[in-house]
Amino acid sequence: MVENALIDWSRAQFALTACYHWVFVPLTLGLSVIVAIMESIYVAKKDEFWKKTAKFWMKLFAINFAVGIATGIILEFEFGTNWSNYSWFVGDIFGAPLAIEGILAFFMEATFFAVMFFGWNKVGKKFHLASTWLTCIGASISALWILVANAWMQHPAGMEFNPDTVRNEMVDFWAVALNPVAVSKFFHSVLSGWMTGSIFVIGVSCWYLLRKREVRFAKASIRVASVVGIVGTLAVMLSGDSSAVHVAKYQPMKLAAAEGLEDGGERAPFSIVPGIEVPGMLSILATHDINGYVPGINDILEGYTDSEGNRVLSADEKKERGDIALAAFKAYRENMETDPEAAAGARKVLEENVEYFGYGYIKDKEDLVPPVWLVYWPFRIMVGLGCFLLLLMIVVLWAERKDRIVSLTWLQWVALCSIPLVYIAGQAGWIVAEVGRQPWAIQDLLPVNAAVSSLSAGAVRTTFFVFVAVFTLFLAIEIRILLKAVRKGPAVDEPEVYNN
Amino acid sequence: MFEYEFLQHYWWFIVSLLGGLLVFLLFVQGGNVLIFSAGRSEAERGLIVNSTGRKWELTFTTLVTFGGAFFASFPLFYSTSFGGAYWLWVLILISFVFQAVSYEFQTKAGNILGRNTFRVFLVINGFLGPFLLGMAVATFFTGSDFIVNKDAAGDSLAPVISTWGNGWHGLEAFTNIWNICLGLAVFFLAMTLGALYMINNIEDGNIVLKLRLRLWLSSFCFLILFVAFLLHICIAPGFAVDQDGTVFMEKAKYLHNFLEMPAVLAVFLAGVVLVLCGIVKTLSSKKFRKGIWLAGPGTVLAVLGLLLVAGYNGTSYYPSTADLQSSLTIANSCSSQFTLKTMTIVSFIIPFVVAYIAYAWRAMDRKSLTADELKNTTDKY
Chain A
126 MVENALIDWS
136 RAQFALTACY
146 HWVFVPLTLG
156 LSVIVAIMES
166 IYVAKKDEFW
176 KKTAKFWMKL
186 FAINFAVGIA
196 TGIILEFEFG
206 TNWSNYSWFV
216 GDIFGAPLAI
226 EGILAFFMEA
236 TFFAVMFFGW
246 NKVGKKFHLA
256 STWLTCIGAS
266 ISALWILVAN
276 AWMQHPAGME
286 FNPDTVRNEM
296 VDFWAVALNP
306 VAVSKFFHSV
316 LSGWMTGSIF
326 VIGVSCWYLL
336 RKREVRFAKA
346 SIRVASVVGI
356 VGTLAVMLSG
366 DSSAVHVAKY
376 QPMKLAAAEG
386 LEDGGERAPF
396 SIVPGIEVPG
406 MLSILATHDI
416 NGYVPGINDI
426 LEGYTDSEGN
436 RVLSADEKKE
446 RGDIALAAFK
456 AYRENMETDP
466 EAAAGARKVL
476 EENVEYFGYG
486 YIKDKEDLVP
496 PVWLVYWPFR
506 IMVGLGCFLL
516 LLMIVVLWAE
526 RKDRIVSLTW
536 LQWVALCSIP
546 LVYIAGQAGW
556 IVAEVGRQPW
566 AIQDLLPVNA
576 AVSSLSAGAV
586 RTTFFVFVAV
596 FTLFLAIEIR
606 ILLKAVRKGP
616 AVDEPEVYNN
Chain B
3 MFEYEFLQHY
13 WWFIVSLLGG
23 LLVFLLFVQG
33 GNVLIFSAGR
43 SEAERGLIVN
53 STGRKWELTF
63 TTLVTFGGAF
73 FASFPLFYST
83 SFGGAYWLWV
93 LILISFVFQA
103 VSYEFQTKAG
113 NILGRNTFRV
123 FLVINGFLGP
133 FLLGMAVATF
143 FTGSDFIVNK
153 DAAGDSLAPV
163 ISTWGNGWHG
173 LEAFTNIWNI
183 CLGLAVFFLA
193 MTLGALYMIN
203 NIEDGNIVLK
213 LRLRLWLSSF
223 CFLILFVAFL
233 LHICIAPGFA
243 VDQDGTVFME
253 KAKYLHNFLE
263 MPAVLAVFLA
273 GVVLVLCGIV
283 KTLSSKKFRK
293 GIWLAGPGTV
303 LAVLGLLLVA
313 GYNGTSYYPS
323 TADLQSSLTI
333 ANSCSSQFTL
343 KTMTIVSFII
353 PFVVAYIAYA
363 WRAMDRKSLT
373 ADELKNTTDK
383 Y
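Sequence order for the protein chains is A and B.
Using this note's numbering, the letters of the first sequence map in sequence onto residues 126 to 625.
Using this note's numbering, the letters of the second sequence map in sequence onto residues 3 to 383.
Hints are not guaranteed to be accurate.
FRET-style restraints, in silico, Cβ to Cβ [to be verified]:
(1) M251(B) / I549(A): 35 to 43 Å
(2) L608(A) / R368(B): 42 to 50 Å
(3) I226(B) / P465(A): 53 to 61 Å
(4) L499(A) / T380(B): 41 to 49 Å
These are calculated hints, taken from the structure and not from any lab test.
Just so you know, even glycine gets a beta-carbon here, dropped at the ideal spot from N, CA and C.
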């Protein structure tokens, strides 16, 4: 019997690792673009100032990069150590993107990171610039494949269940790789990393302005970063829009939880905060049609008819079909060697009900509802902060272009204080995506209680606290080193600029 | 070309090759063990850390890709071994995680724990990384305590397919002397390779002198332990699989595998000869600095040969001592034909990857690392 404590500690450990990983990764994604642009300007203009500017941000990039790698390897191996049943049940599909990520992206990142960091005096300017860009591209390709894997868990496609091997098997690689959810997710996540990099650079630069240090450096950095950030944020918003449509279509419970929508319907309202609603807005966001039907939590549990006229089964009916599928699977396995006829009959029943196979593992229909507050509030935090940060970047770019950024002390303070906000927005986004799909490890296919490894809850609790200690230590050290490095400064400004 | 059996063998070959490359790249760990014993002054230690520090990400990436490729091609191994031998893998991971941050953090102002603590982390990983990975590979020959029951998926309350037979979850591997033997052999091999790599990569008379002394010790220990392990697996019964997939114990199975697969034997022997050449030539001539370029490829070939012997010719590569019929073979643990075929197409890109790594490596290592270079640059750890 799989204990609840084991499931919860395993979830907690995976969530912990993923959250920490996402502290370091977005900065890697964003800063890599910003330094690559800065180095490109250096190569084009042959101005040493830009080289020093790029090198300073590269130094901060490197401090952050290593911890991202450290948390990343644990995340990859946790699929095996803590979710071993998952690894077999869908490894045939899920393993491929991870292997491709390693072959295509990680080697590119690792090889060219070394050239970018140590190669300034060892290789030519152009080779060095190419290495910086390849590090950046490698990071994005790596994000692409892990997001393909994640998107597949949100919207499984391109596979078939094989009762002989007792697993899902890939039948269409392109359906997995070009999953529409993966495409939106890629742009939404990677470009949110651009936002993080951009706000980080703007915030740190504003600190220099507040201290009246490194003024030329700070202004130049703000110029590059705010452009990257604005482009990133607009793309994040566009991909967020298509993500909403996908969630409505493939994961209606996640959407209902994100809206705290108990009972849905046509012209569903969008909740800004509890008590304040925009009528019809949710229907527009979810279906791009004001009359579109959006089911609430109760509708999903009780069954409903969607806007295309299809009847969606109630939770009880799905559970019933899941039980039939599981019983047919058992009958098939028992008879497959001794009674081919009975096995063939069982297989037919299984195939008819296989769509609901995962529901056979659900104990209680209430388990199908994720913790609503933990989806509702993070969603508002993510969207709210995203809008605020876009506005901030526009104002900062405007102030820099009008040459007023140096005198607007309040703006410098706001920008500096916004650094934690961009991290909170990113974390909130992943909480919406991952908590919102509970209890499913793979939507409708495999709930977490059937995905977990057979371990003692105590063992996982121990490693959970070990990882808490290790990751927190790394984060504390990283922040302290970053602060010291920032305080020391790039020292690139000429004295006359400083005096001006 | 893409028959199922061929694909299974192809992917076992790729995984074995990655395993071989990983053991070669463990020279980073082996080199780090010597930070304090071969580097007496700060300048010397800085040279060692920066020499291995320019390669550590390749080792790390190879480890990650080895894991990813194993997952994609033999998911039942990923699920059974990682989920079962939990503590062994967690220990391996933690040691590598500390290594990953230590290079970057060690000399930075504000690093809280101080320079030497991070270097001690590098030394700990330098020992534990190769030792534990070696132990994990040894279980491919000595067996592990697990049961695979695919019918369990039908039980809605306890649907876990692979279960471990004891509460030690991997720590019991320490109780088998042969696991320890191969673990230590891999550790001393890594140290040997580390010394050979740095003799080639660092231009500093003092360090090179000390590295040569360490090389005597490490290569001697490695050879004794490795030969002992090799003799043991050649004599001891091995886990054989017959035509219909039934696993049974066969006397001297691995020796038979070597003899029945002359190509694999040739690869293995070529590897061993190259490793020996690299060590002997370096120890016998003070001017000879290219030992790593003999012993490194030699390691890749020898490990490749050893892993092929563990998986080819009707052999269970991850045997179960709890239930012989639960043992994993390349046929019963692999991905579907479609997935293996898809991954095979992806694998055609590997030569390009190797080519750009080699190109970048040459460009960066054209000149050996010197104390002067480190003194005059900020581009260092």
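| query | Looking at the structure, which of the earlier hints fail to hold? | reply | 1 and 2
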